[in-house]
Amino acid sequence: MEITTWFGTIVTDKDRKISTKECSLCSKNPDSIARHIIDSRPSKASSLQIDLRSTALECGFVDSEEEYETLLRESAIKASKIQISNATTIDIRIIQAVEAIDDIDETTNLLSERLSEWYGMYFPELNLTSEDLAQFVAKHGSKSNLTQDNEWYSIANNSMGAELSGSEEKVIKDFATNLCNLYKNRKEIEDYIMENMEYAAPNLTNIAGALLGSRLISMTGSLERLASLPSSTIQVIGANKALFKHLRSRATSPKHGVIFNHPLIKNAPWWQRGKIARAFASKISLAARIDYYSGEVNDKLSINLDEKIQNIKNTYPYPPGKNKSKN
Amino acid sequence: MDVKEISQGIFELSKGKKKQLATRNLNPGNSVYSEPLVVVDDVEYRRWDVHRSKFGAMILKKFNVPLNPESRVLYLGAASGTTVSHISDIATNGLIYAVEFSSRTMRDLVMLCEKRPNIVPVLADAGQPSHYSHIVEKVDVIFQDVSQPNQAEIAAKNAKAFLKKDGFLLLAIKARSIDTVANPKKIFKEEVKKVTNNFAVEFEILKRSELDPYHEDHLGILARLK
Ligand SMILES: C[S@@+](CC[C@H](N)C(=O)[O-])C[C@H]1O[C@@H](n2cnc3c(N)ncnc32)[C@H](O)[C@@H]1O
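In order, the protein sequence lines correspond to chains A and B.
Position 39 of the first sequence, counted from 1, bears residue number 39 in the working numbering, the numbering being contiguous throughout.
Position 126 of the second sequence, counted from 1, bears residue number 1126 in the working numbering, the numbering being contiguous throughout.
Calculated directly from the structure, the hints in this document are not laboratory data.
A virtual CB, placed ideally from N, CA and C, is assigned to each residue, including glycine.
Heads up, some of the hints might be wrong.
With a straight-line Cα cutoff of 27 angstroms, these simulated DSS-like cross-link-like pairs (lysine-lysine) come out [claimed, not checked]:
id, chain 1, residue 1, chain 2, residue 2
1, A, K44, B, K1115
2, A, K21, B, K1138
3, B, K1157, A, K44
4, A, K14, B, K1164
5, A, K28, B, K1115
For the chain B half of the interface with chain A, some residues (derived, Cβ under 10 angstroms), not all of them [stated by the list, open to error]:
id, residue
6, N1064
7, P1066
8, R1107
9, L1123
Same shape as in the complex, but just chain B:
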């Protein structure tokens, strides 16, 4: 098995032609969502299932990843922590504020937080950033994967409140949560426009790409706050 670090803390494990994305397990011996653990040269890696993680798919789509071990991250729509767990592997000395509004889902996320020293759970509505403004500090990166019709607005509000200048936004946009019948391409175009400057903040779009075949009708966006 060959290991190549393709970005800080993100690895590509390869055996012959087979390649797999992975992160170094911060909590050795434990897998989070039944992903396989792979040990190479005494280091344990967790395979990153890109079909279950839009951010994982973005990496395969050659998005530059604005993460390092010190990163402070605000993650909106953390769900049970599939993707958050990999970010926690990467930002080992940083801190991740994981926002999720479903208390049922939060149950799993809290259990994950207890096992990892760099995740702070926040049970709140990402559409109301003031509700957690007493907890969350300024961050380097915002991840958002909430599947809501007003996802562009949610991203803008949170960026305005919490993103450092020149900080990055990684956004997954789901066409179907905006309009179930319209053409996804058209929706994406409008959403990108909205993100760029429709709300009180301005972004420079660095990369955009659809996330197929890993996620149908999803668009990934990497942007920098101006």
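If we strip away everything but chain A, and leave its shape as in the complex, we get:
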């Protein structure tokens, strides 16, 4: 019988004796042994019949127990490294990017609130927020730098805000510049996600869009997980705290799943939303499965979804309860 071991395939005869000639041993090189360890992962534990260590000595693969241990350990470390590297699939990389966006959002909220308080002392009448405010401060610094052609010029002239100059102006400007860079970086990360979702999950991207698609992957932990979920679960991802596996505690958990943020549902009249969500979730589920198992692009999916939604719109043109007849 053939027995799979980390150092090669061992062949034994009826009396369980090793037939050395028929064995195919690995070359004594940790790199190739590592590959063999991964490629030959047994589904049945045939090697339990023999003692690995004494067999390796007996068939001449190693000369001593010490060599056995050293070679095994080195090869196992290499094999683990290859497996770790292979586990970094594209969906796992995208998840990091999605989570980075969440971190940036949290940070920019905090910093822009600070900037608003801080700069408010010098120019309280300026009612800009977030990125607009950051860009304004980064560009102009003190309101006294505004030129006549600036829309804020006259308001600035009558401002009740304090003077801003010197090192004080510099630190606030630098603070605002950093904030601008975070907003810029956020856009770059979004672009990265858009580009890579096309590879990672083309059908899902087609149906749900890159951003919602990547968010669903991030919330479930992997494309594999998403593909394994029934569409009824996909419909409520995000509504349920427990599914926020990768998100740090958010203040409130929404009543509906994240897919309800998609324009397809958000822009539909309220009485159609549940039905559209169900159709949408079931296509998302199908798309994720195709992406995970075959990866081939299936254009019919989105056409099919459009038809379904049109159908819902035609069948339920009016809110329930109002007894209007069709046509």
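Put chain B with the ligand on the given structure of chain A with help from the hints.
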């Protein structure tokens, strides 16, 4: 500082009333999880934080430790190697097969393995022993700390495949990973029963004890394969 060897390779460092568990550092100068290094009479010890190691807690609960410098060990649920590192200090001439299925966690474990000559990393699911049967030989002791609902079954399968006759199993059972609401005592009783003879192997339970106050709702079991 007084040093007392309470079991082979396991030390109790004491200063007045304060007592601490420690092992002799196999890789001097380096600590693994920020545990303090203590030098006594030119020997460097690593403090063993029993709050981070169920096996460490078992030692304080007076479990007999079936380990010696030659021990071959299969460790299931090695995580980043907190406990594995101490076993590596003890089984200096032995070998530890450290199984972990999370590749993120394995990253840290591999770095530990590179610094210690007696640990073999295995990235695999402990519920599928055949998947690493081409690597792991028969062992003297199995440690298991996986926090899975089917932990008793995992232990039995691995014992059947890899544990020598009369070999030992040290098992940490987490009540919450089996049932989040039921009474832990009841769960423990059922789990011990499962381990004893529910699956194709039979164990003799040598000791069982809850691991509080070091680990809430955890049970430690020491058993011998019949
Ligand atoms: C509580 S931690 C172990 C801590 C470790 N024993 C220590 O004291 O340093 C449990 C570990 O088991 C791993 N695990 C859970 N189920 C597993 C399985 N089926 N196979 C392998 N590892 C598993 C988890 O990834 C986690 O790292």
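Hints versus structure:
1. A distance of roughly 32 angstroms separates the Cα atoms of K44 (chain A) and K1115 (chain B); the hinted pair therefore is violated under the 27 angstroms criterion.
2. Pair hint K21 (chain A) plus K1138 (chain B) holds up; C-alpha atoms about 26 angstroms apart against a cutoff of 27 angstroms.
3. Pair hint K1157 (chain B) plus K44 (chain A) holds up; C-alpha atoms about 13 angstroms apart against a cutoff of 27 angstroms.
4. Among the hinted pairs, K14 (chain A) with K1164 (chain B) is consistent with the structure: their alpha-carbon atoms are about 24 angstroms apart, no more than 27 angstroms.
5. For the given pair, K28 (chain A) sits about 22 angstroms from K1115 (chain B) by alpha-carbon distance, which is consistent with the 27 angstroms threshold.
6. A distance limit of 10 angstroms between C-beta atoms decides the matter here; for N1064 (chain B) the minimum to chain A is near 27 angstroms, and the interface restraint is violated.
7. Interface restraint check for P1066 (chain B): the shortest CB-CB distance to chain A comes to about 20 angstroms, outside 10 angstroms, so the restraint is violated.
8. For R1107 (chain B), the interface hint holds, the least distance from its beta-carbon to any beta-carbon of chain A being 6 angstroms, beneath 10 angstroms.
9. Because the closest C-beta pair between L1123 (chain B) and chain A is about 5 angstroms apart, less than 10 angstroms, the hint holds.
Against the hints set out earlier in the document, violations occur for numbers 1, 6, 7.
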